Amino acid sequence: MISPGKKKLKLTIRVWRQKGSNERGQFRDYLLQGISPDMSFLEMLDILNEQLLDHGEEPVAFDHDCREGICGACGVMINGQAHGPDNETTTCQLHMRRFQDGDTIVIEPWRASAFPVLRDLIVDRSPLDRIMQAGGYVSVNTGQAPDGNCLPVPRHDQESAMDGAACIGCGACVAACKNASAMLFTSAKVSQLAQLPQGQPERAQRVLNMVAQMDAEGFGSCTNTYECEAACPAGVSISHIARLNREYVKASFCSTAEPTIPMK
Amino acid sequence: MHWLKAFLTSSVGRKFVVGLTGLFLCFFLVVHLAGNLLLYVGVDAYNEYAHKLHSNEELLIIAETLLFAALIGHILIAAGLTFTNWRNARNKSYRTFDSKREDRTTPMSFAPDQTMMLTGLFVLIFLICHLSDFKFGLGWENLGESYSPAQKALLVLENTWRQGIYLVGVLFLGYHVSHGLQSAFQSLGLNHPKYMPTIRRLSVLFGLVVAIGFGSFPIAGLVRSQTNPTSVEQVSPVEGGEAVDAETPHSPEH
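In order, the protein sequence lines correspond to chains L and A.
Quick note, the first sequence lines up with residues 1 to 264 if you use the numbering used here.
Quick note, the second sequence lines up with residues 265 to 518 if you use the numbering used here.
Fair warning: there could be bad hints in the mix.
Taking beta-carbon pairs under 8 Å as the criterion, some of the chain L residues facing chain A (in silico) [what the hints assert, rightly or not]:
(1) R24
(2) Y30
(3) G218
(4) V249
Source of the hints: derived by calculation from the structure; they are not laboratory data.
Predicted, not measured: the structure shown is a model, and the values here were computed from it.
For each residue, glycine too, the CB sits at the ideal point set by N, CA and C.
Let the sequences and hints guide you as you build the complete structure.
Written as structure tokens, this is what we have:
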């Protein structure tokens, strides 16, 4: 959508600057002028960084990759909201038309003890990778793609599994949770694989290990405030958390599987 | 028993126990409220209920043990989880935080789901007072055995201090369970689009019923104490612990 007639925005960007994990960070204010409402949020940050480079300052470090809302690399707190004000939208898909001329935009990194800040807006999200490594996979080599309907999967299970698989691992759920809990992230994978035939052999072991790893990484516990669901850019539902709870109880009481020691 | 230890030390397992005990305590609230409402039916009905309840000693011991175990377990595990969350979750808080939940009607810092620890703490303070009044009779020793359960209840509820503590306590209790009930279902893994919206509405309704139902007793006590107080003298004790209510001035409509 091109809107040449729209007024260019003048913004104050209040952004978190931190040189490294062990450095003390602080907010810095930058004035930006001539921001097109058609720019994406990350393009606005690009403009900010060009301006900083012109002034001989270090650019603001932020994670990004695909810039089309599917990779999960980008993600910052914008005015206290994970990925900004829009629902089911990543930071890269947020556009400057959502802001008013003269606004002050506060940009913070995800904050969680499990996600130490590496630099400015970049945090270390490798705890999520380690939760995945603890069981978020199917070990069996499935070979080539099978013929359609070779494995019977009911349509509702298929849809629900796909809803869980939609998680892009951005960490917004952790960022939005008052306990910095990674339950929505963990549950999305547990729920996806629990509903598919390929996930059955490791079903019990998977949930026990992924929860054990999640706890060991120092994420908080879920207190059912459902902020994660609202913040999730992929629209992952908290019903997956309930399925994880169910799977966990079932694995604990109805299987011989035991959690293996979490990796760290 | 390694698996049980793993279950009870994991975040999911602990939440499961909090949910299970919470649901049991909610069930108790329903029974308790039903019993209390007999006070409005009549003093006799209430007394009969109280005597029947206390006639089966074994059952009472089992029920009370279960109840105290559930209550203590609920408090200890929930408090443990909350303190762990407070300590570990976030070493630096956000400069601003704004909810993205569109169904939030109360400001974030007052919402039931954000204040469970605080409302729970107020409920605990109220419970200590309530148990000391009704279970252990502390401060009401002068009533002795000669007053019927209904007369004791009416006298306690006409005390100004008790009216305040009980009213505030049950309001916090209602607030607590309005999130607690649906949260318990979620923690037990019972969430499905086909019934979860009903559970969520039911949870708010349950909170209202608890707050209004239990809250009506201190309010009725306040009205009674202003208009037609039950004094210790007026309630004539009868030999053998059994009391009659013929002379009691309070009428069932309170």
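### Hint numbers contradicted by this structure
1, 2
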